[in-house]
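Asker: In the order they appear, the protein sequences are chains Y, D, X and Z. With this note's numbering applied, the first sequence corresponds to residues 1 to 333, in that order. With this note's numbering applied, the second sequence corresponds to residues 334 to 666, in that order. With this note's numbering applied, the third sequence corresponds to residues 667 to 999, in that order. With this note's numbering applied, the fourth sequence corresponds to residues 1000 to 1332, in that order.
Don't read these hints as lab results, they were simulated from the structure. Keep in mind that the hints are not guaranteed to be accurate.
To be verified - Below 25 Å or equal to it, Euclidean Cα-Cα: the simulated DSS-like pairs (lysine-lysine) are:
| id | chain 1 | residue 1 | chain 2 | residue 2 |
| --- | --- | --- | --- | --- |
| 1 | Y | Lys118 | Y | Lys143 |
| 2 | Y | Lys32 | Z | Lys1074 |
| 3 | X | Lys809 | D | Lys396 |
| 4 | X | Lys672 | D | Lys403 |
| 5 | Z | Lys1074 | X | Lys860 |
| 6 | Y | Lys32 | Z | Lys1031 |
Protein chains: 4
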Amino acid sequence: MIAILKNGTTEEQTAHLVSWLKHMNLDVHVSKGAEMTVLGLIGDTSRVDMELLSSLEIVSSVKRVSEPFKQANRKFHPNDSIIQVGNVKIGGGYFAMIAGPCSVESEEQIIEVAQAVKESGANILRGGAFKPRTSPYAFQGMKEAGIQLLLKAKEATGLPIVTEIMNISALDLFADVDIIQVGARNMQNFDLLKELGKTNKPILLKRGLANTLQELLMSAEYIMSEGNENVILCERGIRTFETYTRNTLDLSAVSVLHELSHLPVVVDPSHATGKSRLVPPMAMAAAAAGADGIMVEVHNNPSCALCDGAQSLTPAQFDELNHRVQKIREAIV
Amino acid sequence: MIAILKNGTTEEQTAHLVSWLKHMNLDVHVSKGAEMTVLGLIGDTSRVDMELLSSLEIVSSVKRVSEPFKQANRKFHPNDSIIQVGNVKIGGGYFAMIAGPCSVESEEQIIEVAQAVKESGANILRGGAFKPRTSPYAFQGMKEAGIQLLLKAKEATGLPIVTEIMNISALDLFADVDIIQVGARNMQNFDLLKELGKTNKPILLKRGLANTLQELLMSAEYIMSEGNENVILCERGIRTFETYTRNTLDLSAVSVLHELSHLPVVVDPSHATGKSRLVPPMAMAAAAAGADGIMVEVHNNPSCALCDGAQSLTPAQFDELNHRVQKIREAIV
Amino acid sequence: MIAILKNGTTEEQTAHLVSWLKHMNLDVHVSKGAEMTVLGLIGDTSRVDMELLSSLEIVSSVKRVSEPFKQANRKFHPNDSIIQVGNVKIGGGYFAMIAGPCSVESEEQIIEVAQAVKESGANILRGGAFKPRTSPYAFQGMKEAGIQLLLKAKEATGLPIVTEIMNISALDLFADVDIIQVGARNMQNFDLLKELGKTNKPILLKRGLANTLQELLMSAEYIMSEGNENVILCERGIRTFETYTRNTLDLSAVSVLHELSHLPVVVDPSHATGKSRLVPPMAMAAAAAGADGIMVEVHNNPSCALCDGAQSLTPAQFDELNHRVQKIREAIV
Amino acid sequence: MIAILKNGTTEEQTAHLVSWLKHMNLDVHVSKGAEMTVLGLIGDTSRVDMELLSSLEIVSSVKRVSEPFKQANRKFHPNDSIIQVGNVKIGGGYFAMIAGPCSVESEEQIIEVAQAVKESGANILRGGAFKPRTSPYAFQGMKEAGIQLLLKAKEATGLPIVTEIMNISALDLFADVDIIQVGARNMQNFDLLKELGKTNKPILLKRGLANTLQELLMSAEYIMSEGNENVILCERGIRTFETYTRNTLDLSAVSVLHELSHLPVVVDPSHATGKSRLVPPMAMAAAAAGADGIMVEVHNNPSCALCDGAQSLTPAQFDELNHRVQKIREAIV
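Bound-form chain Y, shown alone:
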């Protein structure tokens, strides 16, 4: 970390600041120039409060040289992490094809969709049991019963399942769930992240609507710093001024996250675009960008879904998409 002091800072003031920094167990390297003094802070600067330091009257600006995340950082873990979920691997060349309905609605529905997507090449089943909805009056999911139905679909097809948790008090219900999803709105629900860090379940962590990639990695770090290294990052679109799509899918996130971190990165084009006809091109683009997996909504009857049908593919569309994604994956090797 570098702190640049303002012109006119006295020797005494500089000494006072250096002494304060050394109390935080940092080595400080002072470099006096004609127009400014630069302090180089060496040691564990992840605990230094940059905003506080910047606020001091004698400080002109502060700049981090190293990233504030450690366990998620590729520098300290150069090889790709591979997350094992049942028989399925994600990351390091292994591709997750996650598909299923937005919401679990009935036993018939979830088993039918699970069988269809498995046949078309999906290796993980998704389905919402607890649904975060903007309105308290909207359908909030089948909750516990939904998880039970997902487990039946898992039994029927052998597919591992991923579903969203909204509240740590529901954790017991997720005992047999293979991957626990943290939704975009909970990406900075730090207490939830910490509790999930105490489990050993793979966690699919979605990027928040207005969060930077560094913040996403800091949220992964919350989970990892508690001992759980099984984190899968998920890009699902950010909020911009564009209104034609629900959100703006940021595919450069795939490369940037791979550069900064060893964790696998999957892409959810269904929530990002909100329109089923945009899902196939964005899924293919994600594969071409090097994503470690795709997560798409598939429904057996899109026109009657209880929620979000607008963004779901039919099984036939998913089948075709899967073929194209595989061809692209072969093309980029």
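Given chain Y's structure and the hints, the job is docking chains D, X and Z onto it.
Answerer: Only chains D, X and Z this time, still in chain Y's reference frame:
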């Protein structure tokens, strides 16, 4: 709610959709024109899933005519709500001057600041005990001990206190807290909102970093629909591309929220700007825009705060600010 | 266009508005429901000022049913437009591989790069002569001399050239330029667009930093409405809160623009990301998303470029990228 | 300017870079630390291309210590600039109350509005003659005839006038215009800015929809670097995800611009909010934030305006607003 059907929709398809809508207990008024058919949906449309309806192949677009929030809606509650907190009233002409440190650090600190801000005209004390921090390695607040110190400061000064909750499991610790704050990152932590709706505590609900005003009101609705009508809305800046300020304070939110809702609206210029020298002009602007209160960070020693010192005023600066805010409030009557 | 009138609007007020609308040569279809009155406006609504209509006291809201652009609209021109540039075609299955340096710097440089990119499969040469720079003190390009050098490179390689215009007074200098580029900052320089609409040159129109896709199409409409139908749309990233990349490349724009318009869409990953190592994955993703072309910066000596070297590929990197893009294009057919 | 070199940079590489920087007439101060080497660049760094420097393989990051703008910079011009327009002064305690219709429509209209706003305290008349419109089919203003009518209104009332230029070729028509406005969409039309810099007319420069405050100041610098120091900055809202208001008015811009620059800052709440009922509170907030002026749309018959009526006040509303703004200005002294 209006649904516009595409050109070429058959009579049979229209009848099918109308019948489906009537099953949701809606009256449907069909209007056939030369180029389109318009369905007017009448009844409780707050439960209708607009995205699902939009997704149907025969539907061109869907438009809400009435807002999806009810209890927070000024239409059904024309008079300003006045929230009572101890001896203090907020809203309907009553102004909350909320001040205190970002984090509670020690008994001496919090009592000293509480006394100073009381003397300068604050009527509510703020202070963070549980601190949401981007990094798991940053100071996370004094937690339970912090709340105990806030209660001592309340005892010493008589000021009601407001502090942030991050997890519903900590609710018992807030028994003597006067106003429970929900932070920006938890604005859509719906399970937390629902549980707070079951209490009768005033809730200070902060707008999320990338949330619309309608979403803020829907989150208020989550609390109110469970029975707790004591919601105070708080504008604290949204995230934009501008980097000079931490966030962009959206002061038009004050007028818009007053137009749409009867709930009081307070403004937090400290978090919005992140720079103490920008706090006074933005606090004065908030008062001029008609805010029902201001929430500012005040510290007895800004240069040594454990966190966020960059955005805190000194007691002397707060004293001057309070005088100016009062003068502006007199000017706009 | 649909206008929804407020509850309580009188018969007289409605009649007054209907008469005003009919004066604009619109047919008006009035539909009275229990809770609202809906006016359906039929005819050439592209000239109706939605904001004005919305502002009338009796109007609750206004909604366009048809898009405000016509000549750029796929509805009225279902087949893909194919733009001919010398021997090169763009759109309708024809792919533009546009490459070259950010700025033209010398005859040696531009000819060397042109030969290298041609050998690696580029079919159009790009190069900046007039450079829009945030600072008046930064290098503003070689201007007229730069265009002369581009023309020499065209002569040497046979590649058609594309370069940016900043001011209509420079149009004469572009007589032998094959494609005139309008940069992001000039996307809504309407006077420039109108003048370019009076030429018959292909125009490469870049999306503005904060413009919606509909606004981009309206700017294309400015050019087309003056008679020039040779417009190529270009997605080059939008401004968001993310700071790791220079801008956020919005690849869903490719599919959305293809859906709404018949014009070809190319993608510029160099300006979008600002980092050369992110260019290949984003170029491949663009190809997988169905783009009609890619525009990338290539430099023979990235470490010494006068500007923007950070985002330029070496010729060897471009060569490899071209192979991968072709493989992806084969995979998605 | 500070450049931080990567770990592992060799002595030779460092020497090579230092020599290159010295060729740009910079002094370089090298500071070697245990974990990094820091170069301090001293001299005229405004011409250094930060992106190029950052792109070099041995450079970890680059940070400006001083702002890239000079003539607009308060550091080199500590006192507020006061811009003289006829008998009216703006800045340094002098307040501009600019009012008038969105578009000039007729002699009767503009003179009637001019007289009304003058009587209510306006000291400058605004009115659009050249109108930038998203659609080529929308009303584009009365153009030259509109300017002639504005001049008649100036003659009738003595009010100086401000109106927008869209194209440098129209400059002759502005010979008797008092203040030339550059609209948000042309904020980075650098050729236009340079030409305006060669005049001595006061220029009202509006912030672009997605531009940072530093970029606004760099655009002011384009004008000033050509010799014209009469620049008035204007905040008029930025584009965000919020849809209730047309744009999001960023009032912290007033304080930030005053901190960074000596130029006067006016606020346009009409375009920012797009709703006349939000104009008075935002105008008052702007005054409380310390703005040097307000620019509001006033129309004698809002329900029949040819454009933008939604955001215009009636003369009576403007009269009341002016009283309130004056009271606030007295309160903040």
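Asker: What are the numbers of the hints the structure violates, in ascending order?
Answerer: 3, 5
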